Structure formats: C-alpha cells, structure tokens
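**Q** Protein chains in written order, with our numbering: chain Y, 1 to 297; chain E, 1 to 392.
No lab work stands behind these hints: they were computed from the structure.
Predicted model, so just to flag it, every value in this text is computed and none were measured.
Wrong hints could be hidden among the right ones.
With a cut-off of at most 27 angstroms between alpha-carbon atoms, the simulated DSS-like pairs for lysine-lysine come out as follows [claimed, not checked]: (1) Y:110 - Y:129; (2) E:232 - Y:252; (3) Y:250 - E:211; (4) E:84 - Y:252; (5) Y:44 - Y:60; (6) Y:250 - E:84; (7) Y:159 - E:309; (8) Y:163 - E:137.
Here chain Y is said to cover these stretches of chain E; the calculated rule only asks that three of the stretch's residues, wherever they fall, bring their Cβ under 8 angstroms from a Cβ of chain Y [said to hold, decoys possible]: (9) 79 to 85; (10) 109 to 118; (11) 281 to 294; (12) 348 to 357.
Using N, Cα and C, we set each Cβ at its ideal position, and we do this for glycine too.
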Amino acid sequence: DYKTPPQKVMSRDLQQRIKPLVRFLIDCRPQSNISMGNAIRFLKHKIANLPPNTPEDKAKESLINDISSFIQERIEFADEVIASHGVCKINNGDIILTYAISHVVEMIFKKAKDEGKDFRVIVVDARPKLEGRELLRRLVDYGIKASYVLINALSYVIKTVSKVFIGAFACLANGTVISRIGSAVVCMMAHSANVPVLVCCETYKFHDRVQLDSICFNELGDPDDLIRTDTIDDKNHHADCLSDWRDISKLKLLNLVYDVIPTEFVSMVITEVGMIPPTSVPVIIREYHKDDNAAEE
Amino acid sequence: VSTQSTWGQLPRTQTFNMSEEKISSVGKDSVDSKEREKQLSKALPPNLEQTIDNVVLKLRRRELRGSGACAIQTADLLRTVIAKGRFTSVQDLLDTIKIVGKRLSEVNPIELSIGNIVRRVLYIVRHESAAVVKEQKGGKPKNKQQDNVDLSLSLHKLLDQTSSEEHLNLSPETIVKLKQPITEEISMLMDEIKGVYEHIAEHAIEHVYAKETILTFGVSKTVVAFFKEAAKFRKFEVIVAESAPSYEGHRMALLLSQEMGIETTVISDAAIFSIMPSVNKVIIGTHGVMANGGLISHTGAHNIAVAAKHHSVPVVVVSGLHKLCPLYAFDQDTFNEQNAPSQILNFDEDWVESVQVENPAYDYIPPELVTLFITNFGGHNPSYIYRLLTEY
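Just chain E, with the same shape it has in the complex:
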C-alpha cells in the first residue's frame, strides 16, 4: 500500500492522519494553518464554525472518547459541513473536509477512528462526483465497470499528480445537487458504525462452544455484545482480568455477571500467566487496528497476547471496521499517550519526587500474536486486513 512510504519519516509528535492527503496536498500548498483557516471561513457560515469548535472542545477535554463515539461524531460533523457549506468546486469541498478532519485529529491524535472516517467521507465524495462526471459525459447511468475505473483513478491520484482530474471541474450548481447523495452515503456510514455490534454478535455463536473458559480484558462494548449473543445459546465461563490502572475489568465483570448471568471470575493482571493453561480462548476488543493486522489496544493486552501464544491459546479480536487505519506501528511508542502518574503512585510522600513513573495508555500488539479478527464484515486473518483498506 503506497500510504506507508511517507509517514515513516514523520517525527513522532505530529499527527499521523491525513498521510494520504499530505501527498496530494504538497503541490496544492495548503500547509500553512492561517491559510487553512481563511479557506475554511470562506466556505462555511459562522454558526457552522461554532459547531466544529464545540466538537473540538469535547475532544480536547476527553469528554468524547472511544472509537465508536468519535467516529459517529466525526461523520455527523462532516455531514453537517457538507450540507451547509458553500463550495465552488469539488476540490474546495475535499480541502474543507481535510481541514476539518485535521483540526479534529490534532486535538486527540490517538483517536485513530477520526482519520478513518475522514478518509471514508473523502472516498464517498470522490466516488459520487466521479459518477456524476461519467453521467454527464456519456449520458449513461453509472454501472459496475465504470466504478472500477474510477477507483483506479483515485489511486493514481496518489502517485501521479498530473493524472486527469476532470471530476474536480464540476460547476457549483452540480455540486449543490451532489450534496444530497453524499449526505445519504454518510448517513449510511453512520448506520454501519452503529450497527457494528449486532453484525459482530451474529458471529458469536460460531466461536463460543459450551463449557468453554474465555479470558477477556478491560471493558469493550463489542465484546459485551458478543458475549450477550453467545450467552443466549451456550453456557460458558468468563475470566476477566481487571485492567489496572483503569480497573475497567471490574465494570466488565459486573456487566457480565449481573446483567447477562454469565459465570464470571475476576483476577488480577498479575495472574494471567497462571490462569492461561485453563483458558480455551482469549477474546478482546481493541482501540485501533493497524494496516498490518497489529493492534493498538489498552495497556496490558500485550502481556495477555504473549501469554496466550506461549500456551497456544487462540486470540480473537472483535472490532468494527471503523477502527482500521492505513498506518503502521513498529514499537510501543508510535501511537501512545501517557496518563497521569498519580494513578499509579500518589504524591503523598516526599520520596516519590525522585521516582520516574511510566503510565502508558496503549499497547502495540504485533500481528503474529493475533489469531483471528472478527469485524462487521466477517472473520479475517490478520494478514488479510490490508486488503480491506484498498477499498477506500
């Protein structure tokens, strides 16, 4: 995939989204942020700016967290921007979307789903406008073959600046007409994200047998839906590793035992190696999925994956496709943020001052440790994940 060649040279502190867009925007010089803002304010009415600022504020304060919630908010915001903005050309529309997306992801670079949704929306825009161009030129309604040609056109655009960009030269009136199908597609995208839990849960019954012991970690809505569905048909036992320092495992255990009546045992993170021989499967959720099939997951999951590998226990990851990014991580530091050290060591005593405390929020799990991905489009091997990206 061509996207990976550029961002490898980016310093760590920069945002990693928009890597694909960075290639195409180099020639167009929309790098200066002042210029960006000017361009943005040309296109958007002022109350729309206010809406964007509200979302940015929520992200900055970490009120808006979690891949699903961020994805839906981003899609909603972009839909509003497209519907209410004034655009002179398709390129203008694309640039505006990129600028808004950049603002959102700069605030919270670790929310990878924001960039993913922006990429999907850009794909939708290009797709729809290419379809309109074909209609105008040939007078024929779009059909399957022409769609494939358009796809290869948009890939070409990445590699070769001088390829034909006729679909960008549409008149403003056509663009207004374009808004409707685009917003419809975005609504479908949002429905897809919301429906992720049901689609994944449909696969639950294939993967959970009776009298199995399943190990899970932290709390994840997808995993909860998965277990809920499986519990309707099978009787099994779940061991939950409390995930210090957030202790999300406690909430998960309460959910499973109280509301779903599944036999649950809570163990400390330290006991995962001891308990692993009696576990049949590990089922975890994740924060983000990398293009090579690696995971950005909550801290502590790497320990579980390595222990499972040692005991030959399969590791199943359930996640919606909106978490899939065309990015690669190569060590624990590439996509990570540090949380407050006071979660681990309080500032009660003086001697604490000379101690260095590390509290990373996420772990990178290499793809060799994952056995299976279950997404809303079915089950996949980690080595197949990159193929799902080429559709967008």
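Same shape as in the complex, but just chain Y:
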C-alpha cells in the first residue's frame, strides 16, 4: 500500500520512506542487529537497483518477490539444507550435547529421528533464560531420548558426549561465533575434553565485523531476571535474597545476553553452502557480495 508520489523517482522515495521504519527497528534492538542489518541492507540494495523506468506495479511486484525469495532461500530453505548436512554427522549410538535452544539444531535432531538414527541428546541450560527447557519439551514430544543438566554439571557429563551442536546468532569475519551467553563455556569444556563442536548457522547471519571478546559489544538483559531463583523457604514462599539489590549501593547485577566463542573452540560451521571451518566465513561473505555486484551489472 505504497504509492509513489508523482514527480518522484520510486526508488529514492521508497528509500526515504523506509528510513524511519528502519530506524525504529534498530532502536528496538540497538546493539546486536546483525542478521536484521543484513536483511535491511539486502532490501535497500534491491530498491536502489530498481531500473528507474519500470512501472510502479511491476516494481512493487518484483520487490515483493525479491523479499519472499530472500526469506525462502536464505532462511527457510537454508534451514532444510543445514538440517540435511547436520544429519550426516549424527551416527548411531551418538550422545549429542546442545545448549539452550536453536531451531536449526532442533530440525537436525527431528530429521535424524525421522531417518531412524539411534542417538541421545543432552540439553545444557543456564540461568536466567532457561531456554533449554523449551527445546527439551519439543524433543521429548517428538520421541527423542533426552537428558537435562544445568551448565554447572557440564564437566560431569562432557566425558560421555560424542559431539556438540550449537546454534549461532552470528558468525564474524575473524572466525568467532556469537551465540547465547554460556555457549562459550560449553565450547571451552568440549574443547578441553576433545569433543568436536559443530555450529549451525545460515549465511544471512554472517557479518563483516570482527570481535575479540564479549565485553566490548554486547546486549544487556534485564538484571532483575537474575533475582528470581526457585528456592522455596520454610513458609513456602520464594526466597529471593537479592530482591532489594537496588537499595544496596555497592551491589550490581550483570545480565549479558550474548557470548563470543573464539575460533579455536569451533571445529566446523554448517551452512547451507556447505560445511566450512570458521575462518572461511569472510570467503562466503565476499562470494555473496560478488554475486550482488554481478547482479547489478
């Protein structure tokens, strides 16, 4: 429901209209909008490359098609391809560890179960989000044998694990992987126990940026999430001793959302274009840019 005002070139005007919307989206998630940034960049690119003489309806149609194909190819179809790649890596008798929740990893497990492979999953979870419980429920509903531990019991279970599958939020150009907080601990322990770590990441999450550690660039979650524990005291109420933390001047609560996994902990990144080592991420980024540039001409 966008109409080009007369006398204005569609592509320019559309870009102007989109700007405040984009700014709003960025404001919602200020720090870590990598995948969102990629999608927006793709859209702007497509708009800018609209031949100026196309009639408006045609232009709109082609834009909408482009957007749909982006969603289909790089998100949904990519997930299918990653799932089929990942399933090859699951052998019978494997015990697979995963952390928190990632729907790509979930798809891999479901596909492997469909193919009749015999494996077990250990879901590692951590406070405060406790996202692993949701994954656990879905796996159990699908009939996959699952165990559940908190991150403190990691060294207890890691010796029995054959592989670790982790989802990613982004893969950076220096080979590091950004993922949910706690995944670095999981990868570190897997590395020290010589267990391979496989990161499952679609290419739209790749980014040109480089980052060394989690502190310089991260998102802060709600500190009050850390207060709520499940301990119950004598009167059967929730005994959260830190509920008045704001009154204590010397006390701070830090709730980081993302974690940076160094390159040496990741054995392989599974993407829809294939299975690559984490250091090959900039190569893929460059390939995609070349494709875009070629399409322009």
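Dock chain E against the given chain Y, drawing on the hints supplied.
**A** Here is chain E on its own, set in the frame of chain Y:
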C-alpha cells in the same frame, strides 16, 4: 605415599576413609560390624553411645554440614569418647576411635574432613603413647630426635605388620594417665580448626592489590574472611558467579556488599567465560583437597578453573588444612553425590518423566588448574600438598 595403593581397588560405593587403617586392621580382623559394635559397647558407657548416635543422626539428616563444622564435631566427639571410655590397651583405644570414625563417615561419605580428623586424633594417640613408652624405658624426657624415630615407627607399621609395637603394651593405669595429654592435644586441634579463618586472612593483604577485579564462586566462610581482611587495606572489586542450583552466590554477594562494603557484581554461571578477560584473579574455597593437590569443590568450579586457565588468570584456593585428605580422585564420579533433580526441573508436567536429569553436588578439579593454595600454615604449590600429609 603408601596409602594410595590400596583404595584404588575399592568399589565406588564404599567409604574411602580409613584406607590406612584398613591395611593394619586386616590382620586384626575387626571387619565384621557386629563384632565392632560389641567391641564398642565394651569400651563405652551407654550415655556415650547416645552421644555418638546423636551426632550420627545429625550427619545423616544433613543438619551437620560443611567441613569446618563436621571437623569440630568429630574432634569433640572423639575427645569425649577418649575421656569417658574404659580402655584396656592402647590398641583398644585406637580401635575404638577407628570404629567411631567409621560409623560417622559411613553416614556421609562425602564429608572428607571427618576422616581427616580421625587420622589426626589417631596420630596424636600414637604420638603420646610412644612418648610415654620412651619415658618409661629410658627415664629421659622426650626430645626432638626420639620424636622422629617414633614417626618412622608409625609409618613402618603400615608396611610391615611385624614391626615392634611395644608402645601398645601399656598398662591400663598408664592409659588413664595418657588421657589428659591426649584430650589437651585434641583441644588444640579444635582451636586450630576454629582459628583457620584468621590465619588465612593474614595472607590476604599479600595477594590482593588495589583496583583488582576478583572472581569468586558460591559462598565460603574462608573466602569471606579473606576478603574482609583485604577490604580493610585495599579497594578492589569482586564478581560473584551465582552458583546454580544452590544460588549460594547470591548470599555471598549480599554479605560482601552489605556488610563489608565491597563493590560486588553478580553474574550468571553462563557468563564466566565472557567476564574472564577482565578478571585479575580467581579466589575460591573448596570442600576438600586431595593428596595430589586436586580439589573436590562445589559444582561449577571446574568451569571457572578451565576458563581461568584459558585466559591465564591465576586460581587461588583458600582452605584450612583440615580439608586435606590422603586420597586421590581421578574423575568426576569418585567423590560425588547427586542432589535432587527437582532443583533443576520440577515435576510439574508429564513429559518430565522421560527425561534424565543429572545434578551432581561436587566437581573434581585437577591440580594443573590450580595456581596456589593458601592454608593456615601459609601458601603452597599444589604439587607440595602431599608433603603436608606425611606429617600425620
């Protein structure tokens, strides 16, 4: 150290204390528990049995927890047993102590400090009775050299059953006279345990610099005393990892920030790798110290130790010597107990039934990950810890 050669073959479910005593008791055949109880009831008046049962009950119910508290209770109980019991020979006294210790440690095998204290008390008994024997024989007051000879005698006893055991053949009257110095020594032992916090805190100022960021984990009285002392002289910041599922880190943070006015930040256990680059030191307490310098510590500490190693951050462990055992762990299962899975996953929904939940209470940290031990006798390298054991 000779003690380690035997218990390696013991199945996991048995208690691991008394390994040294097991060697010497094989010949004496005090293995059958019925016989043990008979022997015990010969030596002790009935109200003493009641006292022992009370302590056993407290241990079984986990009302009595923590290395320091268990150590002091064990020492107190043994002191009462020695003072009020009737013994026909020194060997009888030693056996009674072993039996009482075995009863206590069977109830809670993971409280390693019980076995440690029993070993110290046995050493005290042997030491004192050997001294009396020397006095009787030579008429000379005991001096340093003879003490060393007695020490080697007690080590010999482990390896060679036929070595001379003259110090065991004392008359009952001498044994009654022996009770006084023994109970005094045990009281000194208890004072040593109670004074652990002050002695360790004396070292605080050497290891904490101004404007440092220190990472700690869970709650530990020793660490709290350490920080309290350091806070008097230096300004530093502490990051506390809440230790799920017990959330002891929350209590620690409250203690540090409210009562000691130290800048404290609480983070989730998942964030320790991210936060480690900005940490200068890791200071943790522990539940037990193994003979090779490894630690039995609360679960989650292994993650911290490995992360610290990766970032080359020194790991300092503060603990009293009563936590030191002549035992070795080789994996996470050797000394461990599982806590209730409901701490992690509630039984609210049906699908939970098919899920296996692991909730180990302790972690084994190998000695390579520890940089320094600070005990009430000073600072040590983990590789030196075994030497501290040979004194007992």
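**Q** Hint by hint, say whether it matches the structure.
**A** The hints, checked one at a time:
Taking the CA atoms of residue 110 (chain Y) and residue 129 (chain Y), the gap is about 23 angstroms. The hint holds against a cut of 27 angstroms. Proximity of residue 232 (chain E) to residue 252 (chain Y) is assessed by CA-CA distance (about 21 angstroms); at most 27 angstroms being required, the pair is judged to hold. Taken as a hint, the residue 250 (chain Y) and residue 211 (chain E) pair is honoured in the structure, with Cα atoms around 15 angstroms apart against an allowance of 27 angstroms. Distance restraint check for residue 84 (chain E) and residue 252 (chain Y): the Cα-Cα separation of roughly 54 angstroms exceeds the 27 angstroms cut-off, and the hinted pair is therefore not satisfied.
Only pairs whose Cα atoms come within 27 angstroms are accepted, and residue 44 (chain Y) paired with residue 60 (chain Y) is accepted, the gap being roughly 14 angstroms. For the suggested pair residue 250 (chain Y) and residue 84 (chain E), the alpha carbons sit about 52 angstroms apart, so the restraint of at most 27 angstroms is broken. With a CA separation close to 19 angstroms, the supplied pair residue 159 (chain Y) and residue 309 (chain E) stays within the 27 angstroms bound. The suggested pairing of residue 163 (chain Y) with residue 137 (chain E) is violated, with an alpha-carbon distance near 69 angstroms, which exceeds 27 angstroms.
Beta-carbon proximity to chain Y at under 8 angstroms applies to 0 residues in the segment 79 to 85 of chain E; the threshold of 3 is not reached and the given coverage is violated. Note: the segment 109 to 118 of chain E has 0 residues with beta-carbon separation from chain Y under 8 angstroms; the three-residue rule is not met and the coverage is violated. For the segment 281 to 294 of chain E, the proposed coverage by chain Y is not satisfied: 0 residues have a C-beta within less than 8 angstroms of a C-beta in that chain, short of the threshold of three. A count of 6 residues in the segment 348 to 357 of chain E with a Cβ less than 8 angstroms from any Cβ of chain Y is obtained; the coverage claim is therefore met, three being the minimum.
Hint violations for this structure: numbers 4, 6, 8, 9, 10 and 11, all remaining hints satisfied.
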